[in-house]
Amino acid sequence: MAICIEQCVYCFDVLVHALDPTKPEPKTPSFPDDNYPLFVTWNKRRSSGNLDLRGCIGTFSAQPLHAGLQEFALTSALRDRRFSPITLAELPRLSCSVSLLTHFEAANNCYDWEIGTHGIWIEFSDTYGHRRTATYLPDIAAEQRWTKMETIDSLLRKGGYTGKITDGVRHSIELTRYQSEKASLSYEEYQKLKSQE
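Heads up: the sequence shown begins at 1 in the working numbering, then just goes up one per residue.
Hints should not be assumed to be uniformly reliable.
As a list, the in silico PhoX-like pairs of lysine-lysine whose alpha-carbon atoms are at most 20 Å apart [said to hold, decoys possible]: (1) Lys23 with Lys192; (2) Lys148 with Lys164; (3) Lys148 with Lys158; (4) Lys27 with Lys194; (5) Lys148 with Lys27; (6) Lys23 with Lys194; (7) Lys44 with Lys182; (8) Lys192 with Lys44.
Note that these hints are calculated values from the structure, not bench results.
Let the hints inform the model, and build the full structure from the sequences given.
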């Protein structure tokens with residue numbers, strides 16, 4: 001199933017009702033309730049036009065889309081530990097992206113993936129021998145203008161690796177590459193669509 005803007009509309013419906021219970025409860029979506037691993041991302045537009053990340057959480061376990069989008073729209077908006085919860089006042093400057101993850105493949109090494117095409121999920125042992133994981137969606141490395149090495153190093157830090165990052169550390173990780181289908185919608189576009197219902 002191709003991703004559609006209606007999935008972003010549904011995420012906004014869920015968040016708007018959570019922030020303002022006087023607004024209508026979200027209707028059951030009309031898009032198919034297929035199972036996908038998914039991520040919901042919220043960004044906030046600055047006055048300069050640039051976007052700041054406000055929350056991004058998802059799952060690699062396939063979820064029915066209706067329940068999965070409802071859960072992760074709220075989790076990423078209100079419970080991403082890196083950020084304060086999104087507030088009602090921020091709504092006009094928000095945009096929502098939904099990513100459905102597909103084509104999972106074990107990579108041959110830490111550089112066996114393409115920037116802008118693949119998301120990467122890594123497993124590694126930290127300096128205490130604990131297993132850790134971390135992921136970046138396919139657009140992150142390209143947006144940050146990182147090389148593959150810079151992406152891997154950033155992802156190791158994101159996953160909690162605190163030691164010196166060497167070639168040996170990089171090549172010890174297990175990397176899974178994947179692709180995603182993504183749709184994005186600003187709050188302004190969301191309002192226009194809602195006014196046409």
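Evaluation of the provided hints:
1. At roughly 16 Å between alpha-carbon atoms, lysine 23 and lysine 192 fall within 20 Å of each other, so this suggested pair holds.
2. Restraint check for lysine 148 and lysine 164: the C-alpha separation of about 17 Å stays at or below 20 Å, so the hint holds.
3. This hinted pair checks out: lysine 148 and lysine 158 have alpha carbons roughly 15 Å apart, not beyond 20 Å.
4. A hinted pair counts as satisfied when its Cα atoms are at most 20 Å apart, and lysine 27 with lysine 194 qualifies at roughly 12 Å.
5. The hinted pair formed by lysine 148 and lysine 27 fails the criterion: a straight-line CA distance of about 42 Å is larger than 20 Å.
6. For the hint linking lysine 23 to lysine 194, the alpha-carbon distance of about 12 Å falls within 20 Å, and the restraint holds.
7. The suggested pairing of lysine 44 with lysine 182 holds, with an alpha-carbon distance near 18 Å, which does not exceed 20 Å.
8. For the given pair, lysine 192 sits about 18 Å from lysine 44 by alpha-carbon distance, which is consistent with the 20 Å threshold.
Consistency note: the structure conflicts with earlier hint 5 alone.
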